[in-house]
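*Asks:* Input sequences plus hints: build the corresponding full structure.
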Amino acid sequence: MAVRYAIATLVLIPVAGGIRALRLPAARIAQLAGIGGAGQSLIAFLSLSALAFIPAATLVFLFYTFPAWVALRAAVLRSEPLTGARLVSLLLALGGVGTMVGWPGAESVHPVGAALALSAAVVYALFIPLIDRLRAGIGPAVATAWVCIGAAILFLVAGAVTGQLSFDLPLM
Numbered sequence: 005m006a007v008r009y010a011i012a013t014l015v016l017i018p019v020a021g022g023i024r025a026l027r028l029p030a031a032r033i034a035q036l037a038g039i040g041g042a043g044q045s046l047i048a049f050l051s052l053s054a055l056a057f058i059p060a061a062t063l064v065f066l067f068y069t070f071p072a073w074v075a076l077r078a079a080v081l082r083s084e085p086l087t088g089a090r091l092v093s094l095l096l097a098l099g100g101v102g103t104m105v106g107w108p109g110a111e112s113v114h115p116v117g118a119a120l121a122l123s124a125a126v127v128y129a130l131f132i133p134l135i136d137r138l139r140a141g142i143g144p145a146v147a148t149a150w151v152c153i154g155a156a157i158l159f160l161v162a163g164a165v166t167g168q169l170s171f172d173l174p175l176m
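Here the numbering used here is used: the first residue of the sequence shown is 5, the next is one more, and so on.
Honestly, the hints are just simulated from the structure, not real lab data.
Take the hints with a grain of salt, since some may be wrong.
Label pairs and their calculated CB-CB ranges [claimed, not checked]:
1. R24 with V80: 35 to 45 angstroms
2. Y68 with L91: 12 to 22 angstroms
3. P115 with A34: 34 to 44 angstroms
4. G38 with A89: 17 to 27 angstroms
5. M104 with S170: 25 to 35 angstroms
6. P144 with S170: 42 to 52 angstroms
7. V92 with P18: 40 to 50 angstroms
8. L86 with L160: 15 to 25 angstroms
9. A78 with A34: 20 to 30 angstroms
10. A89 with A164: 41 to 51 angstroms
11. L95 with I11: 34 to 44 angstroms
12. L91 with L160: 38 to 48 angstroms
Quick reminder that beta carbons are idealized off the backbone N, C-alpha and C, glycines included.
*Replies:* If you want it as structure tokens, here you go:
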């Protein structure tokens with residue numbers, strides 16, 4: 005993952021406007037690379053860990069419950085009301101996921117995999133407003149480049165510490 009985030013950074017640098025565009029105050033870099041990179045790393049770690057227990061298709065269906073978690077977060081924080089139409093939409097989304105993946109307690113879905121996938125969705129739902137605040141006044145490509153740098157560094161350190169650091173990039 006470190007290599008993949010490093011490659012993403014290299015792709016984002018010209019999109020962001022070059023190295024000069026990445027110059028920010030140290031505090032903003034620390035926020036974007038540190039907090040943003042940690043959040044992105046956690047989402048990737050949870051998602052990829054789920055694949056040890058559930059198929060990728062199941063992971064995708066469960067992960068893409070994140071809009072429902074965003075709506076529930078907004079309702080709890082009272083930043084957006086949970087109107088009747090939103091509630092019906094949430095119930096339909098939950099029903100769709102249940103139909104496609106299986107309902108809680110169904111033997112077809114490993115509970116650890118489901119928990120990891122749903123955790124990734126919840127973390128992402130919390131990450132969206134956080135990263136939006138962290139990147140205030142900064143272009144999306146610049147902010148994303150710093151998040152990728154932070155994630156690459158975190159995965160590099162984690163790989164080195166655990167002895168799992170590899171620079172092999174399997175094509176599939």
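*Asks:* Are the hints correct? Go through all of them and say.
*Replies:* Here is how each hint holds up against the structure:
no.	hint	in the structure
1	R24 with V80: 35 to 45 angstroms	41 angstroms, holds
2	Y68 with L91: 12 to 22 angstroms	19 angstroms, holds
3	P115 with A34: 34 to 44 angstroms	37 angstroms, holds
4	G38 with A89: 17 to 27 angstroms	38 angstroms, violated
5	M104 with S170: 25 to 35 angstroms	34 angstroms, holds
6	P144 with S170: 42 to 52 angstroms	30 angstroms, violated
7	V92 with P18: 40 to 50 angstroms	44 angstroms, holds
8	L86 with L160: 15 to 25 angstroms	41 angstroms, violated
9	A78 with A34: 20 to 30 angstroms	28 angstroms, holds
10	A89 with A164: 41 to 51 angstroms	50 angstroms, holds
11	L95 with I11: 34 to 44 angstroms	40 angstroms, holds
12	L91 with L160: 38 to 48 angstroms	44 angstroms, holds
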